[in-house]
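A.B. asks: As a plain string of letters, each chain reads:
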Amino acid sequence: MSETGTEQYNFKIVRSFAFSALFWLVIGLIVGLWIAFEMFNPALNLAPWLSFGRLRVVHTNGLGLGFGLAGIFATSYYILQRLTRTALPFPRLAQAHLYLFNTTIALAALSLMAGMNTTKEYAELEWPIDIAVVVFWVMFAINVFATLIKRREKQMYISLWYIIAMTIAIAILYIVNNLEIPVTLFKSYTVYAGANDANVEWWYGHNIVGFIFTVPILAMFYYFLPKSTGLPIFSHRLSIISFWALNFAYLWTGAHHLMLSPLPEWIQTVAIAFSIFLIAPSWGSVINGYYTLQGNWEQLRTNYLVKFFIFGITFYGLQTLQGPLQGLRTLNAFFHFTDWVVGHVHMGTMGWVTMIISASFYYMIPRITGNQLYSIKLANTHFWLILVGQLIWTITMWIAGIQQGAMWKATNPDGSLMYSFLDTLTSLYPYYRLRFAAGVIYFAGILIFVWNLIMTVRQAPQKDEAEQPIQNKELQSWG
Amino acid sequence: MGITSKPVVFAVLSAAVILIGSTVTVFIPLFMPSTQPVSAYVKPYTSVELEGRDIYMREGCNNCHTQTVRPLRTEVLRYGEYSKPEEFAYDRPFLWGSRRTGPDLNRIGGKYPDSWHYRHMQSPQSMFEKSNMPPYGWLAKNRLDTSNSYKKTSILGYGFSEQDVQVQISQYRSKVTADTYLSKETRDLVTPAELHHELTEMDAIIAYLQKLGRDVKNLETKK
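Protein sequences, first through last, are from chains V and L. Heads up, the first sequence is in the working numbering, so the first residue is 87 and it goes up one at a time. Heads up, the second sequence is in the working numbering, so the first residue is 140 and it goes up one at a time.
Worth flagging that the hints you see were computed from the coordinates, not collected in a lab. Computed from a predicted structure; not experimentally measured. Note that beta-carbon positions come from the ideal geometry of N, C-alpha and C, so glycine has one too. Possibly wrong hints are sitting among the right ones.
Mimicking DSSO-like on lysine-lysine, the simulated pairs with C-alpha atoms at most 30 Å apart in a straight line are [stated by the list, open to error]:
1. L:361 <-> L:182
2. V:495 <-> V:393
3. L:145 <-> V:313
4. V:98 <-> L:145
5. L:356 <-> L:223
6. L:145 <-> V:236
7. L:182 <-> L:269
8. L:145 <-> V:240
9. V:495 <-> L:356
10. L:182 <-> V:273
11. L:269 <-> V:495
12. V:495 <-> L:223
13. L:362 <-> V:495
14. L:250 <-> L:323
15. V:240 <-> V:98
16. V:98 <-> V:393
17. L:182 <-> L:362
18. V:273 <-> L:145
19. L:145 <-> L:250
20. V:273 <-> L:314
21. L:182 <-> L:290
22. L:145 <-> V:495
23. L:323 <-> L:362
24. L:223 <-> V:273
25. L:362 <-> V:273
26. L:269 <-> L:280
27. L:269 <-> L:290
What follows is a list of derived Cβ distance ranges for each label pair [to be verified]:
28. V:363 <-> L:361: 40 to 48 Å
29. V:330 <-> L:358: 44 to 52 Å
30. V:498 <-> L:313: 40 to 48 Å
31. L:303 <-> V:116: 40 to 48 Å
32. V:498 <-> L:353: 27 to 35 Å
33. L:171 <-> V:228: 32 to 40 Å
34. V:116 <-> L:147: 47 to 55 Å
35. L:163 <-> V:132: 31 to 39 Å
36. V:241 <-> L:215: 55 to 63 Å
37. L:302 <-> V:228: 49 to 57 Å
38. V:470 <-> L:293: 56 to 64 Å
39. L:163 <-> V:462: 48 to 56 Å
All chains should be modelled from the sequences, with the hints used to inform the complete structure.
C.D. replies: As structure tokens, this is what we get:
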């Protein structure tokens, strides 16, 4: 590593985080398939720790914090060093970050299976694990800012802005939402009560999605799309406007998760207004992505990575239209609490997030190991399987959501309810079976992805880029 | 752009931009009494109900059940009076939920007798063949741990003395173990013999479910 001098990039840490991400991805998806099966057949609730209520949070935390964060750390450490032409200042700290991160996620999964659950969505972990999360986040932040301060490239490229914003925002969100008073080592109560707790939680819940599943993924998009196509980003100015508008508007919108709830109406209405506004900066990035390929659309066929980026950003675009619309009171009254929202989330995670991380890894791993990608053919198979799996998955859930929403609302001519609750649930089982099948297709694609990368690093290296000296040209001709 | 060459300034500016919306929509409302009003008609949970609530959280019941009835015609028809902010003054955390795989529970209290819940928790499928709810019969095999009950209520500021908590626990134990308890037969059926005279986790979670919405119902009958 870089003990021999600061002249070498530290790519070992990138590789370790990338494979940590793949590990948690596989675990998270197995749990996902398990609970998807439980939805139409409760027989899999074999033991308390395998019951749906406990496993659902293992699925969300395992993929959001395990896969998502590890993917972000891997790509951030790579992008950061590349764009600043500076090696990580504290490689040992980064190594400790890696160990603490994986230990924390493992303990998180085990504690959730043991029922240590604060119930605040995406913040279910109990207080000792919260502290560990904050500690590894600070370890990450130290390397981020130290690298930026030591950097050799004067201008910070767009991706670095997004990494900075994420580092700051996640710290604020995580600490504020997780303020709790311990009862024992395994149990605590939040400091907020009722409507306030709901408001704080969905401010967090919405923005943790924003600053884990949007902001750093955009950092990857803005770096790896130009890198893998050789085309500069269409508009630097548009990316500046999008960046600041997104960061400003995102934080006002959490309450659209609490439409028609006992939360004060003005907070809900403000959230609606800003949600609509948020379409603009979101589509700023979508347009920037599309126009970057202007005149070079043949790369969709010739460059296997471009598919991932363009379909990924398209799902991001669809989601950022769907999200604000779901937040409108009238539509929310119909869609909220149904599977429609579950479909919405999964288009983002299975479409946008996973496709961009996949392409980023396909770009990075061969370069940091000095090997060729094991198989482009397999990468294409991976792409089509996760695309088809995701589309069947999400569209099935949208239909299920519309059906259940309509059945909840259906009344007889005398004004009485047409369906019992159980009727509205059991009518969804065919969709749940299809969703499970779609999940299997998707999972097959992910296994191919993992296999492809394992085989890539297992080949005898042609040249070890961990030893590769820092070059002068990184930012040439960008925007 | 000058700031793209100044990482620290950039970070401070990002933080400021992020904190504007957070302050207006989240931090300031924390200090406004109108966000979470308190009303005398809503009583805090007893320690047994609170233990039940903790079991509800432990099992992640909130992943499938909401606890907010929205002010919509069919929703009020299905569940009862819509949820009011006052009802949640003692809820730390809130348990409104985000997905209804199962029905809303904010008005479940008093809707069914305890015996219904004992049977349903033991085996949801024995009552509703096609239900996808996991069975929770094993809760009746666990003795209720009340060693932290007082500490819990005092952290939550419910204003109970240690003795109050002991009384609440022993009163509830007497209630469900008495021969006159209306749901005795079902309770004895799902509870192992050695725990017939003890409080179980099942007893506590049912006590909690029976509390949900009860204060609002009492208010409605008074009107």
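A.B. asks: Hint by hint, work out which the structure violates, then give me just those numbers in ascending order.
C.D. replies: Failing hints, ascending: 2, 7, 18, 19, 22, 23, 25, 27, 34 and 35.
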